[in-house]
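Engineer: Each chain, written out:
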Amino acid sequence: MTAALDDLAAAVLAEVARQGGPDAVATVRAETAALALTRFAGSAIHQNVVDERTTVHLELTVGGGRTAGSSTTRVRDVPGLVTATLAAARLVPRDPDWPGLGGPAPLASSGTPDRATAEASPADRAAGVAAFIEAAGGLSTAGFLQTASLTAVLLDTAGQHVTGATTSAACDGIARLSGADGVARSMSVRLADLDCAALGARAAAKARAGVDAAPVDPGRYPVVLESAAVTDVVAGLVTGQFNGKAVVDGTSGLRLGEQQFDPAVTLVEDSLAPGAIGLPFDVEGTPAQRTELVRDGVPVGLTTDRRTAAALGRTSTGNAGEGSATWGPVAVDPALSPGSGGSIDDLVAGLDRGLLVSDFWYTRVVDPKRSVWTGLTRNGVWLVEDGRVVAPVSTLRFTQSYLEALAPGAVTVGADVDPQPTRLGGSMGYNRVAVPALRLAAWNITGNATG
Amino acid sequence: MMSPANEMVDIGSASFDAASAAVEAALAAGARYADARLVDRRHESMTARDGDVRSLTQTTSAGLGVRALVGSSWGFAALGDPAGDLDARRTGERAAAIASASAAVPGPPMELVAVPAVQGSWASECMEDPFAVPLAEKGDLLTGVTATMRAAGVAVAEALFQAWDTRTAFVSSEGARIGQHVRETGAGMHCLTVGDGETQRRSYPAFRGQYGTRGWELVRELDLPAHAERIAGEAHALLTAPVCPSEETTLLLGGEQMSLQIHESVGHAIELDRILGWEAAFAGTSWLDLDQLGSLRFGSELMNITIDPTIPGALGSFGYDDEGTPATARDAVRNGIWVGVLAGRDSAAVAGLDYAGSVRADGYARLPMVRMTNVGLEPGPHTLEEMLAATDDGVLMEHNRSWSIDDRRLNFQFGCEIGWEVKDGVRGRMLKNPSYTGIGPRFWSSLDMLGGRAPGEWRAWGTPNCGKGQPGQVGHTGHGAAPARFSGVRVGVRG
Numbered sequence: 001m002t003a004a005l006d007d008l009a010a011a012v013l014a015e016v017a018r019q020g021g022p023d024a025v026a027t028v029r030a031e032t033a034a035l036a037l038t039r040f041a042g043s044a045i046h047q048n049v050v051d052e053r054t055t056v057h058l059e060l061t062v063g064g065g066r067t068a069g070s071s072t073t074r075v076r077d078v079p080g081l082v083t084a085t086l087a088a089a090r091l092v093p094r095d096p097d098w099p100g101l102g103g104p105a106p107l108a109s110s111g112t113p114d115r116a117t118a119e120a121s122p123a124d125r126a127a128g129v130a131a132f133i134e135a136a137g138g139l140s141t142a143g144f145l146q147t148a149s150l151t152a153v154l155l156d157t158a159g160q161h162v163t164g165a166t167t168s169a170a171c172d173g174i175a176r177l178s179g180a181d182g183v184a185r186s187m188s189v190r191l192a193d194l195d196c197a198a199l200g201a202r203a204a205a206k207a208r209a210g211v212d213a214a215p216v217d218p219g220r221y222p223v224v225l226e227s228a229a230v231t232d233v234v235a236g237l238v239t240g241q242f243n244g245k246a247v248v249d250g251t252s253g254l255r256l257g258e259q260q261f262d263p264a265v266t267l268v269e270d271s272l273a274p275g276a277i278g279l280p281f282d283v284e285g286t287p288a289q290r291t292e293l294v295r296d297g298v299p300v301g302l303t304t305d306r307r308t309a310a311a312l313g314r315t316s317t318g319n320a321g322e323g324s325a326t327w328g329p330v331a332v333d334p335a336l337s338p339g340s341g342g343s344i345d346d347l348v349a350g351l352d353r354g355l356l357v358s359d360f361w362y363t364r365v366v367d368p369k370r371s372v373w374t375g376l377t378r379n380g381v382w383l384v385e386d387g388r389v390v391a392p393v394s395t396l397r398f399t400q401s402y403l404e405a406l407a408p409g410a411v412t413v414g415a416d417v418d419p420q421p422t423r424l425g426g427s428m429g430y431n432r433v434a435v436p437a438l439r440l441a442a443w444n445i446t447g448n449a450t451g
Numbered sequence: 001m002m003s004p005a006n007e008m009v010d011i012g013s014a015s016f017d018a019a020s021a022a023v024e025a026a027l028a029a030g031a032r033y034a035d036a037r038l039v040d041r042r043h044e045s046m047t048a049r050d051g052d053v054r055s056l057t058q059t060t061s062a063g064l065g066v067r068a069l070v071g072s073s074w075g076f077a078a079l080g081d082p083a084g085d086l087d088a089r090r091t092g093e094r095a096a097a098i099a100s101a102s103a104a105v106p107g108p109p110m111e112l113v114a115v116p117a118v119q120g121s122w123a124s125e126c127m128e129d130p131f132a133v134p135l136a137e138k139g140d141l142l143t144g145v146t147a148t149m150r151a152a153g154v155a156v157a158e159a160l161f162q163a164w165d166t167r168t169a170f171v172s173s174e175g176a177r178i179g180q181h182v183r184e185t186g187a188g189m190h191c192l193t194v195g196d197g198e199t200q201r202r203s204y205p206a207f208r209g210q211y212g213t214r215g216w217e218l219v220r221e222l223d224l225p226a227h228a229e230r231i232a233g234e235a236h237a238l239l240t241a242p243v244c245p246s247e248e249t250t251l252l253l254g255g256e257q258m259s260l261q262i263h264e265s266v267g268h269a270i271e272l273d274r275i276l277g278w279e280a281a282f283a284g285t286s287w288l289d290l291d292q293l294g295s296l297r298f299g300s301e302l303m304n305i306t307i308d309p310t311i312p313g314a315l316g317s318f319g320y321d322d323e324g325t326p327a328t329a330r331d332a333v334r335n336g337i338w339v340g341v342l343a344g345r346d347s348a349a350v351a352g353l354d355y356a357g358s359v360r361a362d363g364y365a366r367l368p369m370v371r372m373t374n375v376g377l378e379p380g381p382h383t384l385e386e387m388l389a390a391t392d393d394g395v396l397m398e399h400n401r402s403w404s405i406d407d408r409r410l411n412f413q414f415g416c417e418i419g420w421e422v423k424d425g426v427r428g429r430m431l432k433n434p435s436y437t438g439i440g441p442r443f444w445s446s447l448d449m450l451g452g453r454a455p456g457e458w459r460a461w462g463t464p465n466c467g468k469g470q471p472g473q474v475g476h477t478g479h480g481a482a483p484a485r486f487s488g489v490r491v492g493v494r495g
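Heads up: the sequence lines are chains A and B, in that order.
Numbering (our numbering) for the first sequence: 1 to 451.
Numbering (our numbering) for the second sequence: 1 to 495.
Hints may contain errors.
Unchecked claim - DEER-style ranges, computed between Cβ atoms:
hint, chain 1, residue 1, chain 2, residue 2, range
1, A, ALA214, B, ASP196, 18 to 28 Å
2, A, GLY103, B, ARG330, 53 to 63 Å
3, B, GLY195, A, VAL390, 36 to 46 Å
4, B, ASP196, A, ASP23, 42 to 52 Å
5, B, ASP291, A, GLY80, 34 to 44 Å
6, A, VAL390, B, GLU248, 54 to 64 Å
7, A, PRO215, B, GLY175, 52 to 62 Å
8, B, ARG442, A, ASP77, 51 to 61 Å
9, A, ALA198, B, SER295, 24 to 34 Å
As the list claims (entries may be wrong) - Derived pair list, reagent style SDA-like, types lysine to any residue, alpha-carbon separation capped at 25 Å:
hint, chain 1, residue 1, chain 2, residue 2
10, B, LYS432, A, ASP195
11, B, LYS432, A, SER401
12, B, LYS432, A, ASP212
Simulated from the structure, these hints should not be mistaken for lab results.
Glycine included, C-beta positions come from ideal geometry on N, C-alpha and C.
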């Protein structure tokens with residue numbers, strides 16, 4: 001497959017040279033993606049899809065800053081793609097901030113895809129779903145099991161030529177009982193790493209513990225956030241705060257180099273880490289690297305592409321994505337380092353009175369600069385008193401600054417990292433966020449099921 | 001704009017042949033029903049920032065999506081740019097094989113509600129093809145308005161144009177053969193100002209632009225240049241404006257914010273797949289119970305919501321949905337009573353309903369699923385000026401800034417870009433960081449005045465980025481809306 005993509009990318013680049021001459025500067029990315037996803041609801045498979053495609057992406061610049069980008073699944077018409085893109089580039093105004101290409105740069109790795117995951121069949125996925133359902137012990141279940149593979153080749157006129165591949169598998173499901181939902185989810189490079197039965201059993205246990213939930217009054221509560229909820233906090237921070245475009249725009253509230261977070265907080269972006277699922281290079285051809293974002297509570301890094309890096313006087317961290325011009329360069333494999341807080345039970349034991357939260361839902365930023373988000377709890381909340389879970393709580397709305405929630409003195413980090421699927425961008429549908437549970441000193445609950 | 005088969009829609013017979021081959025192969029492989037869509041979609045997007053074009057992207061997404069039903073189990077297979085009938089047949093066979101795998105974990109027996117097996121075509125109205133407008137003209141427009149805003153001193157000024165051109169050949173095993181050509185266009189702009197520990201944002205004409213199944217004429221009518229300096233000035237003024245008070249008060253909403261209120265708290269709530277629990281693990285469910293269809297009070301007497309994919313130029317308009325069901329208008333809420341849902345052929349059959357027509361897919365590679373079309377509020381008997389004059393104490397809010405609602409579509413919280421105090425019938429000082437929260441049916445029951453009588457107050461707003469589904473799909477929906485007034489609403493939620 002790689003050879004065919006190589007040939008395809010090379011053909012596009014040769015056509016750029018033929019039609020555009022020496023003035024044309026281009027980056028070509030050819031990729032083949034296979035995304036297979038089996039959904040279930042009411043303990044039956046109700047949607048089951050496979051999407052296979054090869055796509056060519058072309059970014060072409062003439063005149064030192066007149067740039068057009070294009071992509072197509074119609075890969076047999078290389079001349080047509082180049083003709084249209086070249087014509088577009090010649091018609092748009094010159095961008096004085098065009099950052100240019102990066103030139104040859106070697107990869108640290110070409111990726112660690114898992115062949116069995118790439119070749120997983122609908123029957124394999126159905127078996128995983130059946131295991132989840134069976135383990136839920138008769139409770140109604142819903143969720144999905146996904147397998148995905150991606151192979152990509154990138155060439156540019158400055159001499160960069162890189163190849164990479166990756167796979168991923170994710171299982172995410174709920175069990176339902178008398179109005180209570182419990183959730184369990186996990187993600188890995190390998191389908192074989194997912195224990196769908198264990199996830200089903202865990203979701204069912206959560207649902208059983210959530211029956212007869214009652215509201216609590218709004219107010220500030222100490223909380224223990226399980227990994228699913230922590231994933232939302234990390235996603236909010238990497239999209240809105242550590243994103244180089246947010247810093248350029250002035251909407252990030254980061255204070256680089258200051259003790260802005262609790263010393264227990266260390267956050268990295270690392271598509272080269274064992275278990276990471278990102279490609280080993282970004283859409284500009286910059287090799288992936290390990291980027292420290294927070295070290296012992298001090299924000300020390302940002303994710304950048306070539307444009308934001310130039311604007312900030314930095315070098316690209318290899319986080320250019322297809323939507324970077326609009327949304328900025330965002331981490332694709334963020335990981336929050338484990339701490340000394342032990343298990344979730346240990347974290348709960350440290351609460352005098354507070355809430356244990358499984359999951360967040362529909363979180364949206366209210367104040368970008370302070371990273372104030374509003375959203376709701378989902379799939380279970382429990383009241384904790386004297387270090388013990390005492391009662392399930394119904395859905396709550398919060399309005400909370402994620403930056404302030406992680407302030408010095410406010411955070412205890414759990415010891416167990418539980419990789420979670422979430423959407424941060426890219427062709428694989430889901431990204432993997434490696435996070436432990438957290439205990440936080442305060443979380444601002446601003447509403448409940450009654451208003 | 002209905003037309004006889006393929007008279008106005010230029011879709012080659014080869015596309016129908018490939019789709020037919022896929023359907024036949026799926027049936028031969030054991031499917032009892034199959035349909036196929038051969039879709040060719042172009043998308044063009046241009047962004048500008050601070051006076052310069054920042055990106056221009058043109059994409060072509062062409063391929064085949066096949067749906068097969070084996071027993072009560074579905075399978076779906078998609079292939080980019082099939083090379084011919086052989087590829088098409090293999091994709092059909094694969095869809096049937098996936099459906100057979102689904103049958104390992106089957107649901108209850110299921111039928112599809114009947115729809116006419118149409119052989120026809122449809123094209124959206126388009127006065128000026130957006131792809132034929134010179135890129136230089138588009139660039140001049142976007143760079144011009146961002147330069148104007150930047151010159152007015154804002155920190156960031158951005159503008160966006162997008163257009164889609166989608167041609168679809170649909171074939172079903174029941175004999176449907178439909179060609180469809182839809183062109184969609186939209187544009188918008190916004191600016192940011194940065195103060196001491198805060199940012200403020202103003203947009204025009206909506207926070208993500210305005211879109212419709214129209215051509216470049218829509219962009220011309222928006223007249224972005226006429227509004228650039230105004231929103232820049234408002235973004236500056238917001239930095240020093242007082243914060244929206246935290247209280248329970250009378251709330252007046254502008255039409256654009258009303259469109260999102262409808263989208264989130266009504267449109268998604270009446271999706272039948274949610275009501276049936278099919279989206280329980282992801283998009284969520286609904287507080288609505290089918291046993292109460294036809295009797296449940298959703299809102300006040302002023303609340304009349306329609307599901308209408310026939311509105312000319314609205315973003316959620318089409319001739320046929322992606323199951324081949326002809327576009328038909330129907331009521332969702334009439335005089336405050338819930339009476340209709342967004343349904344597909346399978347979900348409607350499960351629910352015991354006799355209509356479908358709201359199933360759509362995001363391109364060839366995604367499974368058609370229940371989606372909003374145009375879900376809108378009919379205009380009311382008042383004007384915004386009358387609502388202001390009738391309000392002793394309240395807040396007027398316009399243009400969405402953030403939105404959040406729970407997985408049953410009950411508890412919502414919205415933030416807006418700008419607000420104004422309303423005292424003794426007069427719009428007063430500007431307020432920053434306005435927000436409000438509530439519970440869906442309680443909120444809609446507090447609707448006590450509804451605009452739309454004044455020219456231009458009611459408008460079909462377009463939402464180009466409605467997310468749903470796994471794998472993720474982006475839907476394009478329309479929402480007719482006008483300014484409205486609600487009593488006793490909690491505003492000014494603090495973080």
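Engineer: Each hint needs a verdict: does it hold in this structure or not?
Structural biologist: Hints, verified against the model:
Separated by about 42 Å at the C-beta atoms, ALA214 of chain A and ASP196 of chain B break the suggested range of 18 to 28 Å. At roughly 59 Å, the beta carbons of GLY103 of chain A and ARG330 of chain B sit within the given window of 53 to 63 Å. For the pair GLY195 of chain B and VAL390 of chain A, the supplied restraint of 36 to 46 Å holds, since their beta-carbon distance comes to about 44 Å. Against the hinted window of 42 to 52 Å, the Cβ-Cβ separation of ASP196 of chain B and ASP23 of chain A comes to about 46 Å, which satisfies the hint.
For ASP291 of chain B paired with GLY80 of chain A, a C-beta distance near 56 Å fails the hint of 34 to 44 Å. In this structure the hint that VAL390 of chain A and GLU248 of chain B lie 54 to 64 Å apart at CB is violated, the actual value being about 32 Å. For PRO215 of chain A and GLY175 of chain B, the hinted distance range of 52 to 62 Å is satisfied, since their beta carbons lie about 54 Å from each other. A beta carbon spacing of about 56 Å between ARG442 of chain B and ASP77 of chain A agrees with the range 51 to 61 Å that was offered as a hint.
The hinted window of 24 to 34 Å between ALA198 of chain A and SER295 of chain B is violated, with their beta carbons roughly 44 Å apart. Between LYS432 of chain B and ASP195 of chain A, the direct Cα distance comes to roughly 49 Å. Violation of the 25 Å bound is thereby established for this hinted pair. With a C-alpha separation of about 18 Å, the suggested pairing of LYS432 of chain B with SER401 of chain A holds against the 25 Å cut-off. Between the alpha carbons of LYS432 of chain B and ASP212 of chain A the distance comes to roughly 40 Å, so the proposed pair goes past 25 Å and is violated.
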